[in-house]
Amino acid sequence: MSTQEQASYVAVCPECDVDLQTDEPNEIVAFHRRHYRVTGHDVKLERTELNFEEVTSTDIKGVVRQLEEQYENGVPIGVVAAVMNEHGLTIGETLDKIHEVRMTGGLYEPRDNYLGAF
Amino acid sequence: MTQWNDSQTQEVSSDITEKSNALPAKYFIEPEIFEMEKEKVFSQYWIYAGHANSISEPGQFFTRNVGNRQLIVVRGHDGEIKAFDNVCAHRGSKMVEDTPMTEPEEANRIRCPYHLWTYDLEGNLQSTPKSFEEASLNPDLDDEDVQEFDCKENGLNDVHVDSIGPLVFVNLADDPMPLSDQAGVMKDRLEALPLGEYEHACRIVSEVECNWKVFASNYSECDHCQANHQDWIKGISLDESELEVNDYHWVLHYTHEEDVEDEMRIHDEHEAQFHYLWPNFTVNMYGTADGYGTYIIDPIDTDRFQLIADYYFRDSDLSEEEREFIRTSRQLQEEDFELVERQWDGLKTGALAQAQLGPNEHTVHKFHRLAQDAYNS
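First to last, the sequence lines map onto chains A and B. Numbering follows my numbering, in which position 27 of the first sequence is assigned residue number 27; successive positions increment by one, without gaps. One rule links them: number in my numbering = place in the second sequence (from 1) + 1000.
Read the hints as simulated data drawn from the structure, not as lab findings. Heads up, some of the hints might be wrong.
Below, a list of computed lysine to aspartate or glutamate pairs in the DMTMM-like style, where the Cα atoms sit at most 25 angstroms apart [claimed, not checked]:
| no. | chain 1 | residue 1 | chain 2 | residue 2 |
| --- | --- | --- | --- | --- |
| 1 | A | Lys97 | B | Glu1103 |
| 2 | A | Lys44 | B | Asp1098 |
| 3 | A | Lys61 | A | Glu24 |
The calculated label-pair distances, taken between Cβ atoms and stated as ranges, are [said to hold, decoys possible]:
| no. | chain 1 | residue 1 | chain 2 | residue 2 | range |
| --- | --- | --- | --- | --- | --- |
| 4 | B | Met1036 | A | Arg33 | 23 to 33 angstroms |
| 5 | A | Pro110 | B | Ala1173 | 38 to 48 angstroms |
| 6 | B | Ser1316 | A | Glu53 | 47 to 57 angstroms |
| 7 | A | Asp42 | B | Arg1327 | 17 to 27 angstroms |
| 8 | B | Glu1039 | A | Gly116 | 36 to 46 angstroms |
| 9 | B | Asp1015 | A | Leu50 | 57 to 67 angstroms |
| 10 | A | Thr56 | B | Trp1004 | 31 to 41 angstroms |
| 11 | A | Glu100 | B | Pro1031 | 32 to 42 angstroms |
| 12 | B | Gln1010 | A | Asp42 | 47 to 57 angstroms |
Chain B residues, not near chain A, derived (Cβ > 12 angstroms throughout) [what the hints assert, rightly or not]:
| no. | residue |
| --- | --- |
| 13 | His1090 |
| 14 | Thr1102 |
| 15 | Pro1104 |
| 16 | His1160 |
Ideal placement from N, C-alpha and C gives every residue a C-beta, glycine not left out.
Bound conformation, chain A alone (with noise of 0.2 angstroms):
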């Protein structure tokens, strides 16, 4: 458990009392699939510091076209979970969308963890 004050990011089991502060927000993703894991329990971010204008779009693809631009070689999937906690969508829930698109063809990774859009 790191004692960070003001990570970026927090991440937190209410199920568990435990939590996850980083600066970098894969790293919050990779917290909740190595927590589901082994609990069932999907993990909430509790903080997240979006450092951009706020995104419009509320689909996934939308959302990843709009911040590729300020990402090279991808969006890193944990701030579009954290866009997506905005929209009321838990990671769990926002990795399960993520899927969904990827097999659809309109998301991909050009490496791991980041998504880039068609």
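Could you slot chain B onto chain A? The hints should help.
Positioned in the frame of chain A, the structure of chain B alone reads:
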């Protein structure tokens, strides 16, 4: 003399007499050590997988990662628990999704979604699709020449499974030592208790930023308790406590200053027992609750581990008293996390090449000796 320099380090002392060298710091902080541990520790010894009561019906299963291996732990139609690599014998596909012990799934058979090879719960290949029986797309082969897949030879890769009461262990080695040898007297003691009558009630999983061996070492001694677990230590008489060391496990017996009512405890003697089984499992008989707990200290990488804390009570629905008990246990974990993360902050700087253990840290010494023996094997 304190060993600040790698050139001064020595093997872990063979006997803890006047001085005991701890496991040199490099074995905690160097990333390649974790890779070695996957092979020489987590692939050689019995590793706790989960609780039999969570898969009480045939077909129920959960998954468990040990080292690099992903396992399916399933109860067969014969009632026996088995474990297989979650890997299809056809072309190596992962077959079932990650499934936690807390939410096991149910299946009559195990089917790989890739080419639909299907296995029974004994791991035998049960069926393949028609495309594996007919060579319609291959002009060099007649249908009658198509090889038949032997059900057993093309079955899932099973791993050794054994148990202590309802506690299920797996071993990835080809020819492991018996679990009874690794667990020793711990197996007899736990099997004398009605552990199987208790149900899983709560799992708390934490990620801690330090090497797994640092937490394991901290768990194994209570010299730090007086200063760091002040709420908990109030009811404990450390002077009358005992640290018992066996071949692969050690027990911290703590005597309560006041008798605890018998109906509040799972075992008879007026003490708490904290069992550590090498390499990464503990059983916690608290003495102040009619239940017990287990910890799995699972490494994530060199710098992090997951503490998987499970609590078992007569009923899986927690009473308010039991919730309060878990809250206290959680407080102890948080206090320990602070301690081990602080230790890790210092240790990973590399400033101290080798620690020295105190005379009451003979349990830690045992842990370090076992690690060294495993590395040297």
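Verification of the supplied hints:
no.: 1; hint: A:Lys97 with B:Glu1103; verdict: holds, 22 angstroms
no.: 2; hint: A:Lys44 with B:Asp1098; verdict: holds, 19 angstroms
no.: 3; hint: A:Lys61 with A:Glu24; verdict: holds, 22 angstroms
no.: 4; hint: B:Met1036 with A:Arg33: 23 to 33 angstroms; verdict: holds, 25 angstroms
no.: 5; hint: A:Pro110 with B:Ala1173: 38 to 48 angstroms; verdict: holds, 41 angstroms
no.: 6; hint: B:Ser1316 with A:Glu53: 47 to 57 angstroms; verdict: holds, 48 angstroms
no.: 7; hint: A:Asp42 with B:Arg1327: 17 to 27 angstroms; verdict: holds, 22 angstroms
no.: 8; hint: B:Glu1039 with A:Gly116: 36 to 46 angstroms; verdict: holds, 37 angstroms
no.: 9; hint: B:Asp1015 with A:Leu50: 57 to 67 angstroms; verdict: holds, 59 angstroms
no.: 10; hint: A:Thr56 with B:Trp1004: 31 to 41 angstroms; verdict: violated, 58 angstroms
no.: 11; hint: A:Glu100 with B:Pro1031: 32 to 42 angstroms; verdict: holds, 36 angstroms
no.: 12; hint: B:Gln1010 with A:Asp42: 47 to 57 angstroms; verdict: holds, 49 angstroms
no.: 13; hint: His1090; verdict: holds, 22 angstroms
no.: 14; hint: Thr1102; verdict: violated, 5 angstroms
no.: 15; hint: Pro1104; verdict: violated, 10 angstroms
no.: 16; hint: His1160; verdict: holds, 22 angstroms
In this structure, the earlier hints numbered 10, 14, 15 are contradicted, and the remaining ones agree with it.
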